[in-house]
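Enquirer: What follows is the residue order along each chain.
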Amino acid sequence: MTVPPLIEIKNLHVHFSVYGGRLRVLDGVNFFMRSGERVGLVGETGCGKTTTMKAILRVLPMPPARIPQGEIYFKGRDILKMSHNELTQVRGRGISMIFQDPTAALNPVFSVGEQLEAVIRHSLDRDKPLSRQEIHQRAVASLQEVALADPERLLRSYPIQLSGGMRQRVCIGMALATSPEVLIADEPGTSLDVTIQDQILRLLRQLVEERNTSIILITHTLGIVREMTDRVYVMYAGNMVEVAATKELFSSPLHPYTRGLMDAVPRLTGGGVSDGIPGRIPNYLNPPPGCRFHPRCPQAMDICRQEKPPSYKLSADHEVACFLYRDSGKET
Amino acid sequence: MTTDILTVTDLKKYFVIGHSGLLKREPITVKAVDGVSFTVREGETFGLVGESGSGKSTVAYTTIGMYRPTAGTISFRGQNLFANKTRPLALRKEIQIVYQDPGSSLNPRRSIKEIIELPLQIHRPDTNRLEQVVRLLEMVELPPDYMYKYPRMLGGGEKQMVAIARALATEPSFVILDEPTSALDVSIQGKIINLLLRLQKEFHLSYLFITHDLSLMRNVASRVAIMYLGKICEVAETAEFFRNPYHPYTQMLLSSIPVVSEEEEKLKPQKIISTGEIPSPVNVPSGCSFHLRCPAKTDICSRVDPVMVEVEEGHMVRCHLYGQSKGESL
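First to last, the sequence lines map onto chains X and G. With numbering that gives the first Met the number 0 as the guide, the letters of the first sequence map in order to residues 0 to 331. With numbering that gives the first Met the number 0 as the guide, the letters of the second sequence map in order to residues 0 to 329.
Since the hints were derived computationally from the structure, they do not count as laboratory data. Be careful, since some hints might not be right.
[To be verified] What follows is a set of in silico ranges between Cβ atoms, one per label pair, in the way DEER data are often shown: (1) X/Arg92 x G/Thr274: 30 to 38 Å; (2) X/Asp149 x G/Ser260: 34 to 42 Å; (3) G/Lys23 x X/Leu86: 51 to 59 Å; (4) X/Thr102 x G/Ala82: 41 to 49 Å; (5) X/Arg258 x G/Thr274: 35 to 43 Å; (6) X/Ala244 x G/Arg76: 53 to 61 Å; (7) G/Ile16 x X/Glu70: 53 to 61 Å; (8) X/Pro3 x G/Ser260: 34 to 42 Å; (9) G/Glu262 x X/Thr189: 24 to 32 Å; (10) G/Glu262 x X/Asp229: 16 to 24 Å; (11) X/Lys246 x G/Ile27: 49 to 57 Å; (12) X/Ser178 x G/Gly102: 36 to 44 Å; (13) G/Lys23 x X/Arg21: 54 to 62 Å; (14) G/Thr274 x X/Val58: 30 to 38 Å.
We put the CB at the ideal spot given by N, CA and C, even for glycine.
Work the whole structure out from these sequences, hints included.
Expert: Written as structure tokens, this is what we have:
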């Protein structure tokens, strides 16, 4: 294959220095996505989903964060080795991000128009500047695209004058205004009500399809992943524990963590709730040796307490990092 | 025959948020709860579902006694909760609450022992407190040595268990659960829910369970009520409610839930899609408050507020679609 993956992360480690030691949050994360793919990233609070995505955009505060090891490639170029100028090119036009809380993502003291036009202005080529009017027109167009009525008035208003759903639409419009190749959506509906979340997700899916944008969707809701993505990574305590095509993951989850997570979701069909997974996510100051999931795993073996499991490839798109599949898959 | 433990009749709670008019004498009110009636039966879990701003927490806080109602009554085993200016201790002891976020409902400077002891000091001064604290911790499946810890040393799930132990310290018969698991991860949620259901059986508790998660509601409640802008739109037995949702808003809510399996997908109403946003409770639309978002609205909806009708036994809907045909014949 000559075409490099759109994004590829190899053995990424991220540590945070805090009072009392070092938080070893990401512990060898591997990830890739092809052009045009819709990839999901699921995991619970504090498993490192957002840290991974922030590392891709290089927006982690350093210090306290440190990347002792690992590579992140965007179209074959290592993001971690880029100069500031190259990075500015990647942010915005290469990769855009939508955050969980649109209220925090928008600056309260600037109007929507000022913020949106600034984003468009910064994404332009130096040698091809646009007039103020053209930029304004683009801003209007990007608000129309996210189905917001009366864009002229909206551009003059401030974030506080908009509802949560409208703010998130503005954020989506802003993220797509620069026509990025990859859109990272970090829990885009979590802070909204369920009927509004549904609208936002439908809009996002429609826009991504129309423009053939690749998307990484981060969420802790398994149902959203099932409806929105082609392939899913499951993350636990700083490791990718399983990756599979979405359909396959939901029909045959393999990793004990993925299974526990699926069982824990309450079903509309009723039948009670399972007890979930015992214990809680480990402390990153002193993570458990071997597989980080072993203290909570119902099928833990001796080897799990000593060695970190490699990823075993079971089929073209299904990999699982668990010793249970030592004999059935090929080590990658 | 089951008896009713809590009866809410035409409850209204308005908040004044400012004044308008020439002399600033016209109060601007938010009708947080506007004419809500329901009953909770002894030993059942009554579910109250709604999106943010629907008034479900205001119902809870009025029941617990944080607010006095603007109009309407709440009676507990036939006794009006607001008969006296302050609620008698014996009534307070019977009704307890577990809040959504255990991170902020537990005092960070008190040890777990002190947190659980406080209601004991007030409501059961004659008991051996240490013994009771140990017993309460065991009840929520926490080891006794947790009493010397502080909230910050516990995980989210464990903190919520402490909050449950505190609520049970007074030996209540009615517990309000205000989104008890929505601040927690799904892998921890199950444990809390099953613990609550076990305690309910053991001590014959009645629950008012508030959540915005319909999938969770399906698995815990015996009856469900849906709230929208301070009013109840639909009430039914849980199984019936999910099999046969009548109100367009209920259908919209159900169709919006992300689900994980094909069987669940079949339960979702397919034809209806979510549109519009929840209007501000300061400016509630005229007529039926849902008419701006409703796909089935007719002329009458913007003028007249519909009344509750019983469409099937125990299944109440407040919508003009069912008012004339089935409702009136009843």
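Enquirer: Please go over all the hints and tell whether each is borne out by the structure.
Expert: Going through the hints against the structure:
1. For arginine 92 of chain X and threonine 274 of chain G, the Cβ-Cβ distance of about 33 Å falls inside the hinted range of 30 to 38 Å, so the restraint holds.
2. Under the hint 34 to 42 Å, the C-beta atoms of aspartate 149 of chain X and serine 260 of chain G, about 41 Å apart, fit the expected range.
3. Roughly 54 Å separates the CB atoms of lysine 23 of chain G and leucine 86 of chain X, a value that falls within the hinted 51 to 59 Å.
4. Here the CB-CB span from threonine 102 of chain X to alanine 82 of chain G is close to 43 Å, well matched to the stated 41 to 49 Å.
5. At roughly 37 Å, the beta-carbon separation of arginine 258 of chain X and threonine 274 of chain G lies within the given 35 to 43 Å, and the hint holds.
6. As the Cβ distance of alanine 244 of chain X to arginine 76 of chain G is approximately 56 Å, the hint placing it in 53 to 61 Å holds.
7. At about 55 Å, the beta-carbon gap between isoleucine 16 of chain G and glutamate 70 of chain X stays in the expected band of 53 to 61 Å.
8. Taking 34 to 42 Å as the suggested C-beta distance range, the pair proline 3 of chain X and serine 260 of chain G conforms, at roughly 36 Å.
9. Checked against the hint of 24 to 32 Å, the C-beta distance between glutamate 262 of chain G and threonine 189 of chain X comes to roughly 25 Å, which is consistent with it.
10. Roughly 22 Å separates the CB atoms of glutamate 262 of chain G and aspartate 229 of chain X, a value that falls within the hinted 16 to 24 Å.
11. In this structure the supplied range 49 to 57 Å holds for lysine 246 of chain X paired with isoleucine 27 of chain G, their Cβ-Cβ distance being about 52 Å.
12. Checked against the hint of 36 to 44 Å, the pair serine 178 of chain X and glycine 102 of chain G passes, with Cβ atoms roughly 41 Å apart.
13. In this structure the hint that lysine 23 of chain G and arginine 21 of chain X lie 54 to 62 Å apart at CB holds, the actual value being about 58 Å.
14. At about 35 Å, the beta-carbon gap between threonine 274 of chain G and valine 58 of chain X stays in the expected band of 30 to 38 Å.
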